[in-house]
Amino acid sequence: MTEQAILDAVQEIFRDNFDDDSLVITRSTCADDIEDWDSLEQINLLTAIEKKFAIKFKLADVRDLKDVGDLLDLVARMTA
Amino acid sequence: MAYTYLITGATSDVGRALIERLLAAEPDSTVLAQGCGDVEKLAPLIEAAPGRIRPFDVDLSDPYKVDTFCQLLAALPAPTHFVHLPALPVVNTRFKSFDEVRFAKDWEIQVHSAVKLCKAVLPAMSKARFGRVLFIQTSYTLGAPPKNTAAYVMAKGALGQLCKSLAVEYARFGVTVNCVDPSMMETNFLKDTPDLIVQAAAAENPMGRNATPADVVPAMAFLLSEEARFITGVTLPVTGGSAIV
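Residue numbers (our numbering), protein chains in the order written: chain P, 804 to 883; chain A, 50 to 294.
Check the hints yourself; a few may be wrong.
To be verified - What follows is a set of in silico ranges between Cβ atoms, one per label pair, in the way DEER data are often shown:
1. P:ILE858 x A:GLU149: 52 to 60 Å
2. P:GLN845 x A:ARG178: 51 to 59 Å
3. A:GLU275 x P:ARG880: 52 to 60 Å
4. A:ILE293 x P:ASP841: 46 to 54 Å
5. A:LEU121 x P:GLN845: 45 to 53 Å
6. A:GLU75 x P:LYS859: 27 to 35 Å
7. A:GLU149 x P:ARG830: 38 to 46 Å
8. P:MET804 x A:PRO112: 50 to 58 Å
9. P:MET804 x A:GLU89: 43 to 51 Å
Claimed, not checked - Sample of chain P residues facing chain A (criterion: CB under 7 Å; computed from the structure):
10. LEU810
11. ILE846
12. LEU848
13. THR850
14. ILE858
Read the hints as simulated data drawn from the structure, not as lab findings.
Glycine included, every Cβ here is placed at the ideal spot set by N, Cα and C.
Using the sequences provided together with the hints, build the complete structure.
If you want it as structure tokens, here you go:
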């Protein structure tokens, strides 16, 4: 799966999660950029991503994610 | 002494573990065990202790069914102990998405049924000058609760206040009323909780893990015991140190 394909799928999850069809994310998007992105939404996002890509995160995998780029790289590694 | 335990939410992992422990320790005791749509979970215990567990399938979210259950109880040996465990599973939801219908149902299951059942069992306990009432709360009611758990902590908080009120009112009759407050416990109750939340709670716990029924049931058994006669109105945290009062 290409990084762009992962980004597109993750963007859809973000749009659905934050109920904002116009939301555009980039590799540098982080929690400070989206008002509602708190620890609970982080879990909701990760849970939706797990379902979408049929993967299972461990806490250690996701604890140090700083931005969307880190998240995309993690998904890419786990789906490779 | 032959005790009669009324245990609501008896089909839960904690309920079954408690029943197993109590019946093993007290050969003459019996259990009136309430579940809702899942009383078959009690089958192994019933087979292991024939005639000592009487299952009741009652939907505690329906106050009329609770009333009927209370009427049924009046025709049975009066409970010496009442242990109230039922609750809807925790759902982590922001307050802006607060589900009032679900909250009302949980309130019926946790709080209103507790009030009705206490009204049903406390008179006989008072008359006998002996009784034990025990509610299961949550460590979320100790200090600042986690975000997004308003519905759950409100119902549990109400049980805590019911416990204190009954404790002072019934102390002189030899009836104690207490709560146990476990931290996150790894049971089927967490089926709607994302794994990452469960893992994070374990990582943050000073003991490096979440609670299990085997951690919590002994504390419950103690508060239910005869020797805990002078302990009433307390909230006993069973948290591995994650919440300390």
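Could you work out which earlier hints the structure fails to respect and list their numbers in ascending sequence? 1, 4, 6, 10, 12, 14
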